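**Q** Each chain, written out:
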Amino acid sequence: QKEVEQNSGPLSVPEGAIASLNCTYSDRGSQSFFWYRQYSGKSPELIMFIYSNGDKEDGRFTAQLNKASQYVSLLIRDSQPSDSATYLCAVGTGTASKLTFGTGTRLQVTL
Amino acid sequence: DTGVSQNPRHKITKRGQNVTFRCDPISEHNRLYWYRQTLGQGPEFLTYFQNEAQLEKSRLLSDRFSAERPKGSFSTLEIQRTEQGDSAMYLCASRPGGHEAFFGQGTRLTVV
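Protein sequence lines correspond, in order, to chains A and B.
Per my numbering, the very first residue in the first sequence carries number 4; after that it's consecutive.
Per my numbering, the very first residue in the second sequence carries number 728; after that it's consecutive.
Please keep in mind that the hints were generated in silico from the structure rather than gathered at the bench.
There could be a bad hint or two in this list.
[What the hints assert, rightly or not] One-sided and incomplete, this derived list gives chain B residues near chain A with beta-carbon spacing under 7 Å:
id, residue
1, G769
2, Y775
3, E779
4, F792
5, G833
Since we're looking at a predicted model, the values are computed, not measured.
Positions of the beta carbon are idealized from the N, C-alpha and C atoms, including for glycine.
Given these sequences and hints, build the entire structure.
**A** In structure tokens, the structure reads:
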């Protein structure tokens, strides 16, 4: 079992719709959770982080964390073509630990 | 520019040659990470430093790879006797304490 799992996609959503990206992790000791966006050929760019169970909203983005189910998700409201990218889920087990990444989900927002 | 800086951005080398990459982290960030990413995969952890101390190395890291962070500032990653399988994007990230990590632009290595 991979430490951090994501559906590779592509996930295709129409412009203006809600995109839902999911991630599961295997280490119950994980404490910090991050979503990064990566455009083709570019480096990952931090979108959101979440440390506590529940929802965290930032503009069009909402991160959701359920530690009991070892599940973290990212919702993108009012999806735009510029949101088309690969979204990487990353998990940290402690304040100083490395981040373990999933393989990423490719999102395509269609006109 | 106050972000994480990596040099060079691109490197093409012949198999068997040694290469060295440099990473300049955000100045107040005491943690520095090296990752490698191949096409279609997420970043794979290589090693990390807290200040000048190298605290963790991936089990997957061959002894051809070595990293340093003298004086806890910039870091270098050296690959000796490069192989075609070393072709990848090498990413550096820095992090203030336990908070979010910020990536540099990466160094794309092609071994021919």
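**Q** Hint by hint, note whether the structure agrees.
**A** Status of the hints after comparison with the structure:
| no. | hint | in the structure |
| --- | --- | --- |
| 1 | G769 | holds, 3 Å |
| 2 | Y775 | holds, 6 Å |
| 3 | E779 | violated, 15 Å |
| 4 | F792 | violated, 15 Å |
| 5 | G833 | holds, 5 Å |
The structure fails to meet hints 3 and 4 from the earlier list, while all remaining hints are met.
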